[in-house]
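K.L.:
So the chains spell out like this:
2 protein chains.
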Amino acid sequence: MTYIAEIKVMPLKELLDPQGKAVLHGLNNLGIKEVADVRIGKHIQLKIEATDAIQAQALAEDACKKLLANPVMEYYELEVHE
Amino acid sequence: MTYIAEIKVMPLKELLDPQGKAVLHGLNNLGIKEVADVRIGKHIQLKIEATDAIQAQALAEDACKKLLANPVMEYYELEVHE
Numbered sequence: 180m181t182y183i184a185e186i187k188v189m190p191l192k193e194l195l196d197p198q199g200k201a202v203l204h205g206l207n208n209l210g211i212k213e214v215a216d217v218r219i220g221k222h223i224q225l226k227i228e229a230t231d232a233i234q235a236q237a238l239a240e241d242a243c244k245k246l247l248a249n250p251v252m253e254y255y256e257l258e259v260h261e
Numbered sequence: 180m181t182y183i184a185e186i187k188v189m190p191l192k193e194l195l196d197p198q199g200k201a202v203l204h205g206l207n208n209l210g211i212k213e214v215a216d217v218r219i220g221k222h223i224q225l226k227i228e229a230t231d232a233i234q235a236q237a238l239a240e241d242a243c244k245k246l247l248a249n250p251v252m253e254y255y256e257l258e259v260h261e
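Protein chains in written order, with the numbering used here: chain A, 180 to 261; chain B, 180 to 261.
No wet-lab data here; the hints were simulated from the structure.
Some clues are possibly wrong.
Treat identical chains as interchangeable: a pair holds within one or across any two.
[Said to hold, decoys possible] Derived pair list, reagent style DSS-like, types lysine-lysine, alpha-carbon separation capped at 25 angstroms:
hint	residue 1	residue 2
1	LYS187	LYS245
2	LYS212	LYS192
3	LYS212	LYS226
4	LYS200	LYS187
5	LYS244	LYS221
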């Protein structure tokens, strides 16, 4: 069966996010002053061929640890659906 | 009140995603051959000061249209929570 893993990879909360700060200033300059903070990360969708959701989840975790997220600077959250 | 908007900005399904293709090859080279496709976009978190969730949602939509997503190449999905 085919599963879709939705993975969110974000900069750790302790770290500065210069891209987010640039976008925050951009929004303020456009007149959207209610936005107090912006953080920007990656959203990754994997299409996985697996026998069940548990295997798909394990494969996605493996992919995150081996390639997709750098734990020194980033954390990730993942969700698997059909 | 403070709300958090979680925004997913992804390349349109009709378009090629060279970054996703590169990651797909990387995963296959690492031995994760069950992954059939990868698409990579941005995940943006906005911290918004608003009186209610409806106002926060409207501000986040406005930010997406004015700055965060390019509708020629990307679509976005957003969710607001406290």
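K.L.:
Does each hint fit the structure? Answer for all of them.
P.N.:
Hint check results:
Within a single copy, LYS187 and LYS245 get their C-alpha atoms as close as 15 angstroms, and across copies as close as 23 angstroms, so both meet the 25 angstroms cut-off. Within a single copy, LYS212 and LYS192 get their C-alpha atoms as close as 22 angstroms, which meets the 25 angstroms cut-off; across copies the closest is 33 angstroms, which misses it. Taking identical chains as interchangeable, the C-alpha atoms of LYS212 and LYS226 lie at most 25 angstroms apart only when they sit on different chains, with a minimum of 11 angstroms there against 38 angstroms within one chain. Within a single copy, LYS200 and LYS187 get their C-alpha atoms as close as 19 angstroms, and across copies as close as 18 angstroms, so both meet the 25 angstroms cut-off.
In the homo-oligomer, the alpha carbons of LYS244 and LYS221 lie at most 25 angstroms apart both inside one protomer (15 angstroms) and across protomers (19 angstroms), since each shortest distance falls under that limit.
Violated hints for the displayed structure: none, as all numbered hints are satisfied.
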